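Build the full structure now, drawing on both the sequences and the hints.
In order, the protein sequences belong to chains A and B. Using the working numbering, the letters of the first sequence correspond one by one to residues 1 to 328. Using the working numbering, the letters of the second sequence correspond one by one to residues 1 to 359.
Don't take every hint at face value.
[Said to hold, decoys possible] To give a feel for the contact side, a few chain B residues facing chain A, derived at Cβ under 10 Å:
id	residue
1	T23
2	P26
3	R45
4	H64
5	E67
6	E70
7	L72
8	G76
9	L79
10	Y91
11	N92
12	H93
13	C96
14	R107
15	R147
16	R232
For the record, the hints were derived by calculation from the structure and aren't laboratory data. On a predicted model such as this, the values are computed, not experimentally measured, just so you know. C-beta atoms are modelled at their ideal positions from N, C-alpha and C, and glycine is treated no differently.
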Amino acid sequence: MSTQQYDGQAPVPAQPAAPHPAQQPPAQPAMQQPVGQAPQPGAPLGAGYTSPIPMARSHLGHALLAEWTKIRTVRSTVWTLGVMFVLVVGIGLVTAAGLSGDSFLGMPLLSPGLFGLMLGQLCVITLGVLVISSEYGTGMIRTTLTACPQRGRVLLAKAVVFFLLAFVMTTLACTLTALINDALLSDQTLPSYESRSPLADSFEGGKLVASGGEWLGATVGAGLYVALLGLLSLAVGALLRHSAGAITTMMGLVLLPLVMALFMAGEALQDIREKLIEYSPLNGLASLYRIPMADDPDATGWPLLGGLAVVTLLVLAAAYALLNKRDV
Amino acid sequence: MIELRDLTKRYGPKTAVDGLSFTVRPGTVTGFLGPNGAGKSTTMRMVLGLDAPTRGDVRIEGKHYTELKEPLHSIGALLEAKGVHGGRSAYNHLLCLAQSNGIPERRVGEVLEMVGLEGVARKRPKGFSLGMGQRLGIAGALLGDPRILMFDEPVNGLDPEGIHWIRTLMQRLAREGRTVFVSSHLMSEMAQTAEHLVVIGQGKLLADTSMAQFIAENSRTHVRVRTPEPERMRDVLTAEGLRPATGADGALEVDGAEAPRIGELAAEHRLVLHELSTQRASLEEAFMRLTAQSVEYHGHAPGDGDTPAPGQPPGPAGGPASGTGTGPGEATGPAQGPPGGGQPPPAWGQDWRRRGGGR
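Have a look at this one:
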């Protein structure tokens with residue numbers, strides 16, 4: 001009943017027959033009636049009720065704010081992103097420390113960062129799914145869509161908030177790992193017998209360095225790639241509406257092409273095998289670190305990232321269409 | 001105001017809601033009554049735009065739900081399923097709802113206080129009792145201080161104190177000029193809360209009437225008389241223009257007379273009375289009678305082969321009657337055998353149809 005306390009908003013009395021005009025301070029509006037009094041049929045009928053609370057016209061900004069509150073107030077966010085951070089930076093640190101020394105490793109300076117991220121991306125995928133499927137699992141989706149019946153707006157807000165959070169966190173973890181690699185691994189010397197190695201160009205003043213493109217790929221590129229995978233997971237979660245199902249689907253999508261390729265040993269399957277490796281999501285990530293799994297040594301991973309973005313948008317569009325069509 | 005027009009929802013071959021048309025008006029509590037599976041929750045989900053109707057349409061203050069710009073300001077709803085993420089604290093749950101509608105944050109504290117949850121505002125609803133969960137749902141419904149409130153089975157799982165609290169809350173909200181639409185499968189609960197009544201069974205509208213009228217039409221009273229000389233008593237009553245019927249245990253049942261009058265008649269004629277009591281049919285029975293033919297899930301007695309035939313003619317006078325006080329309810333099921341044995345137990349609501357027909 002403290003709804004009466006809104007400054008400057010004179011509550012409109014429920015009874016239109018009330019004698020005082022609107023300018024007069026509201027002495028005892030209908031709300032203050034003692035509880036337990038018998039209902040008075042007839043009196044307020046048709047008058048309706050007007051709330052003293054100021055109401056803003058809701059728009060996408062409100063939905064974004066709400067989704068930001070949602071994502072930061074559940075433990076799954078802290079867990080998944082925390083574990084991702086620990087995996088990426090921790091494994092990066094251990095790998096870099098283990099490899100450090102003068103001996104030539106034969107791989108690009110920043111590439112050891114890939115190993116932690118291969119595991120870390122699974123956390124982002126899990127979070128992406130949970131952002132939407134947990135709402136279906138708990139029934140929260142009904143509350144959400146009751147509060148915001150523009151379903152497209154809800155999906156868009158979720159996608160934007162999650163994508164930005166995942167991108168920032170992953171890029172941060174990858175950048176930290178790249179800096180660690182740069183600090184611990186740049187002392188390698190190129191043995192003379194390796195002078196024809198493709199990496200020979202990367203030596204400057206006797207130190208292994210990474211080019212600008214390599215830096216971009218191992219930080220922003222990797223962050224974008226994993227955030228996109230997460231967004232795809234969100235879209236799959238919206239389609240399947242089931243946490244375990246969507247997470248399993250995404251794990252399969254990420255891991256299966258490579259695993260299948262491993263078992264395709266025959267000559268006849270050579271073509272399929274190569275395509276599977278080339279378009280495997282893991283190959284995209286590895287290419288960003290300049291250690292592609294496919295036969296193309298110059299692959300940068302950006303075309304695959306573009307492909308992933310297109311697929312993600314398509315699945316998101318399908319999720320949007322179904323969300324509008326389905327009962328919840 | 002909520003207006004339903006020919007609202008229909010089919011799931012495959014099954015029609016959950018079948019051509020519902022009624023209007024829920026402001027200023028009163030409107031009870032929405034029906035047995036389990038009658039389509040109450042489906043109807044409410046369609047009001048909120050969560051389920052799309054197969055046919056027909058429902059409007060809130062003249063608009064479809066999806067056209068509402070700040071829906072929490074127009075209508076607040078408590079749905080049957082909790083609709084809360086168990087891992088997000090009560091405060092944050094309400095906060096994200098408030099933010100999505102541009103409601104000021106201080107309102108969250110207010111509604112938490114209103115429902116008495118301020119002490120557990122920072123706790124996660126996972127550990128809440130059923131009653132606390134209901135209160136949190138109601139807090140969410142009140143968040144936008146809406147003109148319309150819709151509660152789906154709000155008293156489920158509440159203790160008597162909680163039930164009383166909800167009842168007074170709903171009446172207060174209605175008195176403030178709001179539209180209050182509340183579903184229940186308990187007639188007795190509605191009788192104490194609602195002024196208007198909408199009854200559905202198997203998705204169809206069975207009644208749309210004021211509570212007072214429903215009570216007047218449906219609460220039949222009769223006087224039960226037991227005497228060692230029933231034949232003389234019957235003659236005396238018939239001479240007075242009354243029409244006594246013989247109950248199962250030989251007692252007389254008299255419609256349309258007051259117990260004192262019958263007692264006086266007995267005294268005048270020096271008749272010994274063993275029992276003289278007024279029997280009032282409960283609203284629960286009236287409700288069961290109304291919905292008997294449309295109850296989806298019957299409790300069956302063993303050997304009771306079929307569902308009761310709809311519109312069954314009044315049973316024979318000597319037929320099994322299971323007392324006057326309580327009609328056989330859904331829950332009583334097999335336990336309630338006929339006193340005579342051998343005969344099948346009365347079908348659901350049959351007892352009432354018989355007596356209803358004997359009026």
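Taking the hints in turn, this is what the structure says about them:
Taking 10 Å as the C-beta contact cut-off toward chain A, the hint placing T23(B) at the interface is violated, the least distance being around 12 Å. The beta carbon of P26(B) is positioned within 10 Å of a beta carbon in chain A (closest approach about 5 Å), and the interface hint is therefore held. Annotation: interface hint on R45(B) holds; nearest CB of chain A at approximately 7 Å, less than 10 Å. Of the supplied interface hints, the one on H64(B) holds, with its beta-carbon coming within about 9 Å of a beta-carbon of chain A, less than 10 Å.
Taken as an interface hint, E67(B) checks out: its beta carbon lies about 8 Å from the nearest beta carbon of chain A, inside 10 Å. For E70(B), the suggested interface contact is upheld, since its CB lies about 5 Å from the closest CB of chain A, less than 10 Å. Interface restraint check for L72(B): the shortest CB-CB distance to chain A comes to about 6 Å, inside 10 Å, so the restraint holds. A cut of 10 Å between beta carbons decides the hint on G76(B): the least distance to chain A is about 9 Å, and the hint holds.
Given hint, L79(B) at the interface with chain A, holds; its Cβ is 6 Å from that chain's nearest Cβ, closer than 10 Å. Using the Cβ-Cβ criterion of 10 Å, the hint placing Y91(B) at the interface with chain A is satisfied: the shortest such distance is roughly 9 Å. Annotation: interface hint on N92(B) holds; nearest CB of chain A at approximately 4 Å, less than 10 Å. Given the 10 Å rule on beta carbons, the hint for H93(B) holds: about 8 Å separates it from the nearest Cβ of chain A.
Restraint check, C96(B) versus chain A: the minimum CB separation of about 4 Å is within 10 Å; hint holds. At about 6 Å, the closest approach between the beta carbon of R107(B) and any beta carbon in chain A falls short of 10 Å, and the interface hint on this residue holds. Because the beta carbon of R147(B) sits about 5 Å from the nearest beta carbon in chain A, less than 10 Å, this interface hint is met. Taking 10 Å as the C-beta contact cut-off toward chain A, the hint placing R232(B) at the interface is violated, the least distance being around 47 Å.
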